[in-house]
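Protein chains in written order, with the numbering used here: chain A, 800 to 1060; chain B, 800 to 1060; chain C, 800 to 1060.
Derived from the structure by calculation, the hints contain no laboratory data. Please note that the accuracy of each hint is not assured.
Any copy, or any two copies together, can satisfy a pair, since identical chains are not distinguished.
[Unchecked claim] Using 30 Å as the maximum straight-line C-alpha spacing, the simulated DSBU-like pairs for lysine-lysine come out as follows:
{"no.": "1", "residue 1": "Lys910", "residue 2": "Lys975"}
{"no.": "2", "residue 1": "Lys810", "residue 2": "Lys896"}
{"no.": "3", "residue 1": "Lys948", "residue 2": "Lys1056"}
{"no.": "4", "residue 1": "Lys873", "residue 2": "Lys982"}
{"no.": "5", "residue 1": "Lys932", "residue 2": "Lys984"}
{"no.": "6", "residue 1": "Lys810", "residue 2": "Lys932"}
{"no.": "7", "residue 1": "Lys952", "residue 2": "Lys910"}
{"no.": "8", "residue 1": "Lys975", "residue 2": "Lys873"}
{"no.": "9", "residue 1": "Lys1053", "residue 2": "Lys876"}
{"no.": "10", "residue 1": "Lys1009", "residue 2": "Lys948"}
{"no.": "11", "residue 1": "Lys810", "residue 2": "Lys972"}
{"no.": "12", "residue 1": "Lys932", "residue 2": "Lys910"}
{"no.": "13", "residue 1": "Lys896", "residue 2": "Lys876"}
{"no.": "14", "residue 1": "Lys984", "residue 2": "Lys1007"}
{"no.": "15", "residue 1": "Lys975", "residue 2": "Lys1007"}
{"no.": "16", "residue 1": "Lys873", "residue 2": "Lys963"}
{"no.": "17", "residue 1": "Lys880", "residue 2": "Lys896"}
{"no.": "18", "residue 1": "Lys972", "residue 2": "Lys1053"}
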Amino acid sequence: MYKLINEVRQKNPLVLHYTNEVTINDCANITLAIGASPLMSYSYEEVEEIVQVASSVVINIGTMNSANLELFIKAGKACNKFNKPVILDPVGVFATKTRSDFTNRLLNEVKFDVVKGNAAEIKYIGGFNVNGKGVDSFDDEENLDEVIKAVAKKLECIVVATGKVDSITDGEKVCKIDNGTAKLKSITGTGCMSASLIGSFIGACEDKFKGATMGVLSMSLSGELANSENPSIGNFKVKLMDTVYSLNSDIYEKYAKVETI
Amino acid sequence: MYKLINEVRQKNPLVLHYTNEVTINDCANITLAIGASPLMSYSYEEVEEIVQVASSVVINIGTMNSANLELFIKAGKACNKFNKPVILDPVGVFATKTRSDFTNRLLNEVKFDVVKGNAAEIKYIGGFNVNGKGVDSFDDEENLDEVIKAVAKKLECIVVATGKVDSITDGEKVCKIDNGTAKLKSITGTGCMSASLIGSFIGACEDKFKGATMGVLSMSLSGELANSENPSIGNFKVKLMDTVYSLNSDIYEKYAKVETI
Amino acid sequence: MYKLINEVRQKNPLVLHYTNEVTINDCANITLAIGASPLMSYSYEEVEEIVQVASSVVINIGTMNSANLELFIKAGKACNKFNKPVILDPVGVFATKTRSDFTNRLLNEVKFDVVKGNAAEIKYIGGFNVNGKGVDSFDDEENLDEVIKAVAKKLECIVVATGKVDSITDGEKVCKIDNGTAKLKSITGTGCMSASLIGSFIGACEDKFKGATMGVLSMSLSGELANSENPSIGNFKVKLMDTVYSLNSDIYEKYAKVETI
Chain A
800 MYKLINEVRQ KNPLVLHYTN EVTINDCANI TLAIGASPLM SYSYEEVEEI
850 VQVASSVVIN IGTMNSANLE LFIKAGKACN KFNKPVILDP VGVFATKTRS
900 DFTNRLLNEV KFDVVKGNAA EIKYIGGFNV NGKGVDSFDD EENLDEVIKA
950 VAKKLECIVV ATGKVDSITD GEKVCKIDNG TAKLKSITGT GCMSASLIGS
1000 FIGACEDKFK GATMGVLSMS LSGELANSEN PSIGNFKVKL MDTVYSLNSD
1050 IYEKYAKVET I
Chain B
800 MYKLINEVRQ KNPLVLHYTN EVTINDCANI TLAIGASPLM SYSYEEVEEI
850 VQVASSVVIN IGTMNSANLE LFIKAGKACN KFNKPVILDP VGVFATKTRS
900 DFTNRLLNEV KFDVVKGNAA EIKYIGGFNV NGKGVDSFDD EENLDEVIKA
950 VAKKLECIVV ATGKVDSITD GEKVCKIDNG TAKLKSITGT GCMSASLIGS
1000 FIGACEDKFK GATMGVLSMS LSGELANSEN PSIGNFKVKL MDTVYSLNSD
1050 IYEKYAKVET I
Chain C
800 MYKLINEVRQ KNPLVLHYTN EVTINDCANI TLAIGASPLM SYSYEEVEEI
850 VQVASSVVIN IGTMNSANLE LFIKAGKACN KFNKPVILDP VGVFATKTRS
900 DFTNRLLNEV KFDVVKGNAA EIKYIGGFNV NGKGVDSFDD EENLDEVIKA
950 VAKKLECIVV ATGKVDSITD GEKVCKIDNG TAKLKSITGT GCMSASLIGS
1000 FIGACEDKFK GATMGVLSMS LSGELANSEN PSIGNFKVKL MDTVYSLNSD
1050 IYEKYAKVET I
């Protein structure tokens, strides 16, 4: 699986982003660092054209910009029409009914290939009725693996739940990643950048489970390695980009703590 | 007063930003660095909901994005409705009649808790007729302290005027901060980030005068300390974030040059 | 020509940007680093006012934000009305018909002083019928110098084609810059920042050919010098800003590889 980094660097996939204004620059730079090409658009006019030239598409609802909500729906539909892998990052879906309703609408109108969130976001999404597939309710004690598997089955996609341990599932098997550092939460954008990395891998390889796993792993592992000498927070961000830029299959082989159940 | 930094780090207030697209990432990162949580939204739909979950709200007119002008008004009104502390940063208010008219409208329709600008911006705002309280005109020779006190009385809020020496007033007492470095003007966003820091403190403590003072002080002091070994401009920005991240009450105690008159 | 850096630092021109959301922060910081003042606006209301106070204006179509397309047209027309130098950066003009049509419309409705793109973008623009001046078609073998001269003559402006060697022409003479590093393509925004630097020089000097040359040279030369000790990608961006900040006429004199044919 770790050889997929070579695929990204050789194929240089075009990762189209419909994303928030806060971390858009970080997303562009991390996409370059992993060896893919970022493209960002807020144009209704060019959706169908530009989705066609993309290798993969990331939709991130972060700032819920009113001017772009219909754009995100339109982009998602175009991805399905042209058979382009599309990733959803439902940032803060539980924070407001507006976010929750919009995410529900996105999930009902667009078939996503990967949905990535933290455990709370994924659990919350389980409560949606998506295309008549009913509402799952999970109590807090419930095993996260069972939760994300249920959500993946309902959404018929790969589900990624980030956290101290990251979990990726296709509804059957679950991959657990035990890399990372708490410092990743001290800078903005690491979640958004994970989605860009997933887009980079999924834009370059067929296997979406492996692609999603490699994307999340690349962030958690780079965070851990960047933090190895406990740099200051400002230097940590510099080193994070450096580490992503220098990733190769040997580094994954040596340091990745990945287990598939 | 310096112990308020502990309040921020313990309470982790949610600082909601309605801000410009230029420095939005810096504002998010400085909010994290001081120990608060940033949240940025450009959604008309979620204003009332999201203001309710915020600890404080920052409104910054920087890019005067036409799509967001009514959003800023709506957000300000929601702050008043739900009794959330709200800060105005009237960037470049004197640059165009459009900015001046919009700021005047904001001040007439929203009751702000803190208005922060540089001395020229604050003086300019003194010339507004806010809710029938008349127009003050100040000549250039006028003592800045008297100017900002008059503006604070008219707006019935804390007024912050940044400069070589920063001044904060509630209309009666004036606090002067003699920390800082000219290098802060060589990178974009330090003014916007000051407002984020004010939001972080005001979201965590009751006393708005002290909160505003701590916010401005945190920027000026961190700038001064970050510049102590005269780093290059690129490294200065890295060190600025580092210094904010590592602030504690001892550092304020040791280095702050604060005087209240 | 290299003394023009002193003009920028003394006159501190105001460079107004109508630009994309990805690299807007980098553009602001590089404008400060070269000694000019950045101003960014997304306001339809203030276009005519704010163009009048600007020294130069940069229009960059990067994200093709639907809300801003008419704004960019309006801003360009205001530049012509108030005789302000205006630069076009037609990012990805060939990527979609939407971008191509919009760029063609911009070129037909606005008289630009400088059009800056990579060689492919400039060649593509040669195929436009601008104000009845017909369509040029270039084959891939064609000499780039002849192509850009033809485009410059048609558009009646300075044309800048960036690449391994950068070329600048007024339609007659061609200036070639042989500085740079491939690493500039590994971070986002270096093309956008070049346009900001051109705006900084053109806002401070009369000779637009020299101004455009100095702007592009400042980026390529700073990239080369920043890379002299082969820093990591994260540190390269820090050093790039540092190098721009410290540029002076002696450095250009010593390291610039510039030839005018």
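Tested hints:
{"no.": "1", "hint": "Lys910 x Lys975", "verdict": "within (24 Å within a copy, 50 Å between copies)"}
{"no.": "2", "hint": "Lys810 x Lys896", "verdict": "between (40 Å within a copy, 25 Å between copies)"}
{"no.": "3", "hint": "Lys948 x Lys1056", "verdict": "within (21 Å within a copy, 57 Å between copies)"}
{"no.": "4", "hint": "Lys873 x Lys982", "verdict": "neither (36 Å within a copy, 35 Å between copies)"}
{"no.": "5", "hint": "Lys932 x Lys984", "verdict": "neither (34 Å within a copy, 46 Å between copies)"}
{"no.": "6", "hint": "Lys810 x Lys932", "verdict": "neither (37 Å within a copy, 40 Å between copies)"}
{"no.": "7", "hint": "Lys952 x Lys910", "verdict": "within (13 Å within a copy, 50 Å between copies)"}
{"no.": "8", "hint": "Lys975 x Lys873", "verdict": "neither (33 Å within a copy, 44 Å between copies)"}
{"no.": "9", "hint": "Lys1053 x Lys876", "verdict": "neither (40 Å within a copy, 55 Å between copies)"}
{"no.": "10", "hint": "Lys1009 x Lys948", "verdict": "within (16 Å within a copy, 50 Å between copies)"}
{"no.": "11", "hint": "Lys810 x Lys972", "verdict": "within (28 Å within a copy, 39 Å between copies)"}
{"no.": "12", "hint": "Lys932 x Lys910", "verdict": "within (14 Å within a copy, 47 Å between copies)"}
{"no.": "13", "hint": "Lys896 x Lys876", "verdict": "both (23 Å within a copy, 20 Å between copies)"}
{"no.": "14", "hint": "Lys984 x Lys1007", "verdict": "both (26 Å within a copy, 28 Å between copies)"}
{"no.": "15", "hint": "Lys975 x Lys1007", "verdict": "within (16 Å within a copy, 46 Å between copies)"}
{"no.": "16", "hint": "Lys873 x Lys963", "verdict": "neither (34 Å within a copy, 38 Å between copies)"}
{"no.": "17", "hint": "Lys880 x Lys896", "verdict": "both (29 Å within a copy, 19 Å between copies)"}
{"no.": "18", "hint": "Lys972 x Lys1053", "verdict": "within (23 Å within a copy, 56 Å between copies)"}
The structure fails to meet hints 4, 5, 6, 8, 9, 16 from the earlier list, while all remaining hints are met.
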